[in-house]
Amino acid sequence: MARKEYSFYPGCSSRKGASASNYRVSVETMCEELDVQLNDIPDWNCCGASIGYAAGGELPRLALSARNMALSEQAHPDQDIVATCAACWLSTRGTRDRLLEDGDLMQETNQALAAAGLKVEAKQKVRHMVEVLIEDFGYEDLGNRVKKPLNGVRIAGYVGCQTNRPFGIDGESFENPVYLDKLVETLGAESVPRYEKKVQCCGGALAFSEPEKSQALIKEILEAAYDHDAHMIVTPCPVCQMNVEIYQGHINQQYGTKFQMPVVYYSTLISVAYGRSAKASGLNGQVVRAKQLERIADQ
Amino acid sequence: MTMSEAAARSYRGNFLKEVEANVEEGDWVKMCMQCGVCSGSCPLGPYWDYPPHEIFMMIRANKRDEVLGSSSMWMCTSCYNCVVRCPRGLPITHIMHGLAHYADRLDIAPADQPTRKFAKMFWKNLTRTGRVNELRLGLALYFMNGMGEGLKTSIKMKDVGLGMVKTKRMNPVEMMGGRGCEDAEGLRAILDKAREIELAKAEKFQA
Ligand code: SF4
Ligand code: SF4
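If you're matching them up, the sequences are chains S and G in order.
Taking the working numbering, the leading residue of the first sequence gets 1, the next gets one more, and so forth.
Taking the working numbering, the leading residue of the second sequence gets 1, the next gets one more, and so forth.
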């Protein structure tokens with residue numbers, strides 16, 4: 001099969017030395033295995049995430065994503081834009097929809113972009129990496145490539161908010177999406193289809209500004225995974241990953257719990273199942289180590 | 001006359017009209033049928049002074065200072081639960097962001113609201129180089145309540161930080177600058193222009 005190419009929007013958190021740098025490592029490994037080429041959007045900027053709104057008005061925030069789309073149209077006009085971060089995907093896709101449905105906004109946005117000599121048409125589709133996996137490859141194809149099935153690992157699929165709402169993946173329900181469960185099974189691991197906190201909010205950016213309130217939400221997400229005897233949690237979102245993983249120490253202090261639950265990306269699971277090393281799968285980026293996956297990778 | 005008084009006066013006490021003209025997706029507010037589904041969906045619901053459906057009712061009841069001065073909208077985590085459930089299809093998340101932004105612009109929003117402070121830091125951080133420098137943002141965040149509390153928070157966050165540095169997910173060298181956009185200047189020109197267009201439009205509505 002011919003190599004697939006996409007116009008890639010990496011986003012701030014996936015840069016080297018940033019909080020989701022391990023996501024990037026595993027995505028690159030996964031794409032090598034799938035013969036996918038990711039072409040970075042040249043000079044991309046931050047999407048504003050879901051917290052830019054206080055100081056950034058509506059049009060400035062749309063302009064952020066519009067600049068990325070404009071640069072992508074110039075550099076890779078025939079490719080879909082693909083993001084790995086939920087917030088990047090949501091901001092960019094949301095901007096595209098708004099610009100296409102509202103001619104005035106499109107015109108105003110282009111007026112703003114002209115200040116840097118740019119122009120946007122918003123023609124390219126904006127997709128999450130998970131959509132590429134499901135729609136351009138499919139579970140069967142993904143499963144056929146497995147070299148080391150993740151036997152005996154029980155994994156709760158935590159979908160979270162922004163890869164799920166408001167757009168959704170593969171037409172699945174917002175309240176009970178199952179694509180992570182299907183992916184987990186495809187890789188030979190055991191899913192937790194009745195994981196009731198699979199779409200609960202982790203607090204998002206408010207984990208920084210309202211830590212106690214957010215950690216109460218995170219505690220429920222972890223607790224439910226333990227209730228189902230999950231060995232680890234898998235997620236498609238860098239904010240979910242970070243929030244659910246790195247505050248476990250604080251939560252243990254606050255609530256007297258003994259949480260020690262690895263939280264990994266789907267791309268980490270896929271890289272390990274495709275036979276790649278722990279390092280190439282981003283496993284050395286785990287603050288809570290995923291030892292079962294390390295063992296499989298080291299076999 | 002302050003900017004806020006001027007804004008209030010030009011709408012002759014009609015807060016709904018003011019919201020429709022100045023707040024992102026504000027023209028949807030009148031569509032709310034008060035079923036309360038949004039409020040029941042909010043992850044931080046118990047901490048809202050006025051949950052979303054009440055905010056919409058208060059806008060129609062002209063409770064301008066109560067709405068814009070409340071910390072409610074700042075409790076929105078952008079989870080989009082409400083948006084996918086609202087039977088009337090209101091873009092509630094965007095309206096909350098829009099109300100928060102408008103309250104900030106008029107400086108009626110509570111000064112010590114932590115999410116307001118964080119969100120403003122985030123924007124400042126991002127417009128500096130075009131990309132977010134997580135370490136700078138983190139430090140600014142921990143010190144946003146002054147030196148004493150900042151140090152306490154830093155110590156509390158030490159283990160989290162160490163974990164991130166050890167796994168190479170935080171890089172102390174980033175403090176020196178980090179890689180931003182090459183054309184950060186062009187980006188700022190775009191953002192300035194966008195803001196200019198937006199404010200000019202709001203003014204036209206008021207006139
Ligand atoms: S769910 Fe929609 S219609 Fe119901 S109260 Fe909320 S905004 Fe109004
Ligand atoms: S998006 Fe905001 S307003 Fe809507 S349910 Fe989530 S937190 Fe509440």
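If you're looking for bench data, these hints aren't it; they were derived computationally from the structure.
Treat the hints loosely; a few may be bogus.
[Stated by the list, open to error] Cut-off 20 Å, straight-line C-alpha distance, at most; resulting in silico cross-link-like pairs (SDA-like, lysine to any residue):
{"#": "1", "chain 1": "S", "residue 1": "LYS213", "chain 2": "S", "residue 2": "HIS231"}
{"#": "2", "chain 1": "S", "residue 1": "LYS119", "chain 2": "G", "residue 2": "SER4"}
{"#": "3", "chain 1": "S", "residue 1": "LYS4", "chain 2": "S", "residue 2": "GLU135"}
{"#": "4", "chain 1": "G", "residue 1": "LYS204", "chain 2": "G", "residue 2": "MET57"}
{"#": "5", "chain 1": "G", "residue 1": "LYS201", "chain 2": "S", "residue 2": "GLY103"}
{"#": "6", "chain 1": "G", "residue 1": "LYS201", "chain 2": "S", "residue 2": "GLU58"}
All of these numbers come straight from a predicted model, not from anything done at the bench.
To see whether the hints hold, each was checked on the structure:
The hinted pair formed by LYS213 of chain S and HIS231 of chain S fails the criterion: a straight-line CA distance of about 26 Å is larger than 20 Å. With a C-alpha separation of about 35 Å, the suggested pair LYS119 of chain S and SER4 of chain G falls outside the 20 Å cut-off, and the hint is violated. The suggested pairing of LYS4 of chain S with GLU135 of chain S holds, with an alpha-carbon distance near 13 Å, which does not exceed 20 Å. For the proposed pair LYS204 of chain G and MET57 of chain G, the alpha carbon gap of about 26 Å is over 20 Å, so the pair is violated.
For the given pair, LYS201 of chain G sits about 15 Å from GLY103 of chain S by alpha-carbon distance, which is consistent with the 20 Å threshold. For the given pair, LYS201 of chain G sits about 12 Å from GLU58 of chain S by alpha-carbon distance, which is consistent with the 20 Å threshold.
Hint compliance for this structure: hints 1, 2, 4 are broken, all remaining hints hold.
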